[in-house]
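**Student:** Residue numbers (the working numbering), protein chains in the order written: chain R, 223 to 471; chain E, 17 to 101.
Worth flagging that the hints you see were computed from the coordinates, not collected in a lab.
Some clues are possibly wrong.
Said to hold, decoys possible - Per label pair, the in silico range of CB-to-CB distance:
id	chain 1	residue 1	chain 2	residue 2	range
1	R	419	E	79	24 to 32 angstroms
2	R	439	E	95	24 to 32 angstroms
3	E	79	R	389	16 to 24 angstroms
4	E	92	R	304	57 to 65 angstroms
5	E	62	R	430	38 to 46 angstroms
6	E	99	R	256	29 to 37 angstroms
7	R	296	E	75	17 to 25 angstroms
8	E	62	R	427	23 to 31 angstroms
9	R	238	E	91	24 to 32 angstroms
10	R	383	E	30	42 to 50 angstroms
11	E	70	R	389	46 to 54 angstroms
12	R	391	E	49	24 to 32 angstroms
For every residue, glycine included, the Cβ atom is placed at its ideal position computed from N, Cα and C.
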Amino acid sequence: MDFVEILQHHLLDHRIVHLFTVGSASIDLTTHVLMMWISGLILLTVLMIARAQSGPVSHGWANLFEVFIIYVRDEIVRPNLGDAGDRYLPYFLTLFFFILICNLLGLVPFGATATGNIAVTAAMAITTFLMINFSGIKELGFGHYVQTFIPHGLPFWLVPLMFVIEVLGLFTKSFALCIRLFANMIAGHIVILAFLCLIFIFKTVLVAPISIAAAVGLGLLEIFVAFLQAYVFTLLTAVFVGGAVNPQH
Amino acid sequence: MNLLHIGLGYLGAGWGAGVIMLAAANGIARLSAAALEGTARQPEAAGNLRTSMLIPAALIEGLGFFALVICLLMALALNGVIAKG
Numbered sequence: 223m224d225f226v227e228i229l230q231h232h233l234l235d236h237r238i239v240h241l242f243t244v245g246s247a248s249i250d251l252t253t254h255v256l257m258m259w260i261s262g263l264i265l266l267t268v269l270m271i272a273r274a275q276s277g278p279v280s281h282g283w284a285n286l287f288e289v290f291i292i293y294v295r296d297e298i299v300r301p302n303l304g305d306a307g308d309r310y311l312p313y314f315l316t317l318f319f320f321i322l323i324c325n326l327l328g329l330v331p332f333g334a335t336a337t338g339n340i341a342v343t344a345a346m347a348i349t350t351f352l353m354i355n356f357s358g359i360k361e362l363g364f365g366h367y368v369q370t371f372i373p374h375g376l377p378f379w380l381v382p383l384m385f386v387i388e389v390l391g392l393f394t395k396s397f398a399l400c401i402r403l404f405a406n407m408i409a410g411h412i413v414i415l416a417f418l419c420l421i422f423i424f425k426t427v428l429v430a431p432i433s434i435a436a437a438v439g440l441g442l443l444e445i446f447v448a449f450l451q452a453y454v455f456t457l458l459t460a461v462f463v464g465g466a467v468n469p470q471h
Numbered sequence: 017m018n019l020l021h022i023g024l025g026y027l028g029a030g031w032g033a034g035v036i037m038l039a040a041a042n043g044i045a046r047l048s049a050a051a052l053e054g055t056a057r058q059p060e061a062a063g064n065l066r067t068s069m070l071i072p073a074a075l076i077e078g079l080g081f082f083a084l085v086i087c088l089l090m091a092l093a094l095n096g097v098i099a100k101g
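The following block holds chain E by itself, in its conformation from the complex (with noise of 0.2 angstroms):
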């Protein structure tokens, strides 16, 4: 058991969950800004518009929540793996 490898395994999987936030972040950003922009310039579509914009919007934040559950996955096997030696 080599702590430096250990402790680059839990350094991984907290910096991938911080990627994965940046990303997601990001693409959901620029979703509601043309959404935004959208209804600015015709507010007539913004029922529509909102609509369009939640469904991307929920697929981006699922792709977000299975690097979360892949991450925690890591972290938990790093604690198995320092409980058993």
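Okay, chain R solo, but in the shape it has when bound (with noise of 0.2 angstroms):
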């Protein structure tokens, strides 16, 4: 096997068993969708445990997990959207643990980055898309809400290149947001198995504590990186929907 192989292996997506046919599509249980379902059903089972465990003192889990959504309700969603944010705590909520449970699933062994592959970002930043829109159309109503793309005191004929300009903006938005987090988990995925490679790249057995060091190392920033990118993703996604809900300038 060669390293691009090694690469394809890993990092690409591999039929499991075939499900059914949709007109010339198959639909197919695949590497990412089961690890989708596995973080789906990792995040309901713990979860579940964790609302049974929490009241007016917490035990165990719901003490855990109470760190993080407090964090997410009071550093995120607030200062963004307003106190009527708590409407839309539940979307920013799932997407955080979704996105963390998926980022972290690939570090296990035996584990695939369902958010490595491109597919499952597009669709992410799709949804925020439409979140973005429906949420400003919804607050604002949508004449208010096309209004928002025109900025204030500029010469009237500078107002159709900004409209334009703003409007490619909104999908450049969600574009760059799916970019961001694919390229991020894609990229430490190649380096360590790049460096993992480089011993029988080599043929030599005496590469084996710099590759094994540095991938270690690698495999200490990939955790930190899976947090760092589930927090950024739910702020942008914040901060997109609150200039839509309330814009103030």
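Got two chains here, each in a separate frame; can you build the complex from them with the hints?
**Tutor:** Now the structure itself:
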């Protein structure tokens, strides 16, 4: 197996079992789909246990998740959406925990990174895009929402250009969210695999201490990047939805 | 299939990635320098400064990854050109 085959084996999606066919598209159970299901199951069980253990005095899992949930609510959602943002809190909490668990599942043995598949991150970015527009239209009404695309205090001949730029910016923001998460997850895994393949490229075991030390260090960095990317995706979604819901300037 | 052209293509992909890495590292280094100076002047603001530093750092890193994806696509396209002829 050469380096490209090893990368393809670890980073690309592989079919496990074929489920059904819709027209010319075949819907399969693949590794990344399985990882997303596992992530959902983990979150369902652990969060149900946490809810059962919560209350005036919380025990166990509830304390752990309370740290994250309070952080998302007080540092991400409420500063950007105002106090009316509590209605959007379930979406942001789901987003944060799903991305976090999917990222972390890529680091355990026999796991694959579902968010390392550009289709998964594109789906989340499309959901964010729809969320921005629907929340803006719902809070402001369609006419006022379109008016927010025209900045204030501009000479009138500049308005059409700025309108086009703002609409393009809407698409660019979602595209950037997609690419940022995808590339962060894939790049870490590629570098770890490249270091480990150095042993086989040089065909000597003397490279092994360096390779394994680098792989361990990069693995620790990967854990940090997993948390950071979940936080950044949620934060930027909150900033964009907040900008659409209450545009100040 | 001109080997010189293909070689120049690979060179462009590699150098492009390197230049983007320079620019992104420069931007994030300036950010963290400002955050460290602010924390040194006023240690109570450390939390706010850290949060304000992380957001632009993630955005700049996103730009770096855009360029990485572009360079990877360039290299893969050149691989395809070589494989075809």
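**Student:** Quick check: which numbered hints come out false for this structure?
**Tutor:** Per hint list: 4, 8, 10 and 11 violated.
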